[in-house]
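Chemist: One-letter residues, chain by chain:
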Amino acid sequence: MAIAISVKNLGKRYRIGAAQTKFKYGMLREVLVDVAMTPVRIYKGLTGKAVRGTSSSSSFWALKDISFDVEEGKVLGIVGRNGAGKSTLLKILSRVTEPTEGTVSVRGRVGSLLEVGTGFHPELTGRENIFMNGAILGMKNAEIESKFDEIVDFSEVSQFIDTPVKRYSSGMYLRLAFAVAAHLEPEILVVDEVLAVGDAEFQRKCLGKMGDVAQQGRTVLFVSHNMSAILRLTQEAIVLNKGQLLMRGPTQEAVDYYLSSGQAQAGERIWDVHEIPASSAPFRPISLKVKDRSGKVVDTIRSTEPVYIEFEYQLDAPITGLRIGFYLSTMRGEYVLTSFDTDDPQMFDQFDSRKSGHYISCAEIPADIFNEGRYGLGVNASSFGVRRYFMDENALAFNVDISGAPGTQWLEPRVGPVRPRLEWKIEKLV
Amino acid sequence: MTEIIKHEPTTVYIKPPKGLAALNLRDLWIYRELVFFMIWRDIKVRYKQTLLGALWAIIQPVLTMLVFTFLFGKIAKVSSDGIPYPIFSYTALLPWGLFVGALNQASRSLTSNHNMITKIYFPRLILPVASVLGGLVDFAIAFVVLIGLMVYYSVTPSWASLWTLPLFLLLAIIAALGVSLWLSAINVQYRDVNYALPFLTQFWLFITPVAYSSKVISEKWQLAYSMNPMAGVVNGFRWALLGSGSGPDASLWVSVAISFLILFSGLIYFRNMEKTFADTI
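Quick mapping for you: the protein sequence lines, in order, are chains A and B.
Residue numbers for the first sequence follow our numbering, beginning at 4 and rising by one.
Residue numbers for the second sequence follow our numbering, beginning at 115 and rising by one.
One thing to keep in mind: the hints can contain errors.
Unchecked claim - Residues from chain A that face chain B, not an exhaustive set, calculated with beta carbons under 8 Å:
1. TYR17
2. ILE95
3. ARG98
4. GLU101
5. THR103
6. VAL107
7. VAL109
8. ARG110
9. GLU126
10. ARG130
11. PHE134
12. LEU140
13. ASN144
Read the hints as simulated data drawn from the structure, not as lab findings.
Owing to the predicted nature of the structure, the values given are computational and were not obtained by experimental measurement.
Cβ coordinates follow ideal geometry from the N, Cα and C atoms, glycine included.
Use the sequences and the hints to build the structure in full.
Modeler: Laid out in structure tokens, this is it:
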């Protein structure tokens, strides 16, 4: 079988110089000081005496020594934590950015469902944008014409096809954009679910399209944090960590390896000193952990077992009325629940004032709550109506595995973020 | 499903770019349809939601011509080589407007399309190229006024020189594209270009014989003066259309050489910076 993608010793280095971090917080004073220092900087730059600290640009390898081949018609999963280099790899394969070293040969056109709506211009009509967008995605004019009717049908916006897209609702806009991307029919399709936006329906469409493409014998690269999706849709997977390719194998093996290697801080978030804003004092977050029944820190929890969320923190001074809150949300940003450690009146009285010291607030989330998928966990430390000390809306994320949950005898996915075990009664009346 | 257009997949080799082969002009040819689409989009969108629409393409040079005629023709009495001043300046304002418009559009072409650059591959050169070529439509519209002026002042061009006009237009495009490549690529990293550009074009206008005749430049400065490609373009336009001046001479070749130098250095610089566009934009 022919090789669709061949990657050899691929490396990509990014510079993290002063230029990118400068003025990140846009303080006028900093800007003024910087402007005043410009002649000095230029002088020192010319004479080779770099200003200490600021102009020494350090670099890091987002990818290093990556080699693998993908045969035509294979669906390859790519797993790894945030920052493992997954998106960089896809960017190089789709030629958005160029590698620092190594080579890739790609046989055929690479398309991505991420490119949805790229190059759409609000002033142009739907019809004009279809042609424009098709051309940007690399379709020939004749090809777009032959598929035009199909694209319009698929998008369900045929009555507005000659209206400027700035008058479209966001749903119509997205449907039209997706319709064009879905009809590109590339030889190689790249799907980065991590970056995918849009509503549930849209994501479902993306995955459905991916399935179709794979069925037609095209090559698919699929990046996701959702292990069940990876298991369902791919036969083979590679595991990336910190820019290195750790392993490649059948998906089940790769996923097991990824989950068991406990890469870096899966299911755990530890705050570095520089990550804590000065404004949060005297509150100092230390760590947030998701643990299973046996007390092990896990990235994937089972829906049928209780989960323990532990937030460890330090108070450098006593705080009155402090409450620690957990926010659970789906990856689409819908909140599932909010809970505070002093919700219970008895706890509220007992911990009205917390002395300085080292604390852990731990919550048990009972079994049979979550549906399949990935959930985000945010934390908050505040005194009601007084002050918010600390807030991290996306402290960590974890996956939920639903094997054994109610209704899994049917393989269909269930809608809704919760999957409780309800007491059902069936009465026969006649 | 309708029939799928089958094409044999081509293999693309992705590797760190090196040398002149990295200019990759072949890709520009493969994506030529996109160039036309981008030009078409720029033109369609340019005068959307304006009251006067494409009239702006005429209003701008005509108003400038009237102001110049009043200030330089009537008050300062600048020599216009025996040609009526309005037509003398308007002939120069046409290529000058093309040049400045191209610089303005093209220098922002990459930054304003950053979502395309960070998401998909296409030869990045398309963006400045389309911006520069898109100005030709405005040029054509404004040219109609020139024909009217020529009829009004009964200026008849001689065929012996008129045929060179497309060549001078080409020279203007080459110069505009060369400078645009530099500016657009620099703009990706340093947005200072946005602030520097008005000064640059203003300064450039002073050293280009738009409002005055290049004959006022003394002999010893002529060579330095013709280092400005737009000087060659403007003199060429006047010669081709109005028969003013002596026609192509050594100073024109200096302009041509400098134009190509800017274009090639711009291409190399652009291509060199291109690999980091998606990372730095």
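Chemist: Each hint needs a verdict: does it hold in this structure or not?
Modeler: These are the hints, each one checked on the structure:
Proximity of A:TYR17 to chain B holds as hinted, the smallest CB-CB distance being about 7 Å (cut-off 8 Å). Among the interface hints, the one on A:ILE95 holds; its C-beta lies about 6 Å from the nearest C-beta in chain B, closer than the 8 Å criterion. Given the 8 Å rule on beta carbons, the hint for A:ARG98 holds: about 3 Å separates it from the nearest Cβ of chain B. At a threshold of 8 Å, the smallest CB-CB gap from A:GLU101 to chain B is about 4 Å, leaving the interface hint in force.
For A:THR103, the interface hint holds, the least distance from its beta-carbon to any beta-carbon of chain B being 6 Å, beneath 8 Å. A cut of 8 Å between beta carbons decides the hint on A:VAL107: the least distance to chain B is about 4 Å, and the hint holds. Interface restraint check: A:VAL109 against chain B, minimum CB-CB distance 5 Å, threshold 8 Å, status holds. Using the Cβ-Cβ criterion of 8 Å, the hint placing A:ARG110 at the interface with chain B is satisfied: the shortest such distance is roughly 5 Å.
Because the beta carbon of A:GLU126 sits about 5 Å from the nearest beta carbon in chain B, less than 8 Å, this interface hint is met. For A:ARG130, the shortest C-beta to C-beta distance to chain B is roughly 12 Å, which exceeds 8 Å, and the interface hint is violated. With 8 Å as the threshold, the beta carbon of A:PHE134 comes within range of chain B, its nearest partner Cβ sitting at about 7 Å, so the hint holds. Restraint check, A:LEU140 versus chain B: the minimum CB separation of about 7 Å is within 8 Å; hint holds.
For A:ASN144, the shortest C-beta to C-beta distance to chain B is roughly 6 Å, which falls under 8 Å, so the interface hint holds.
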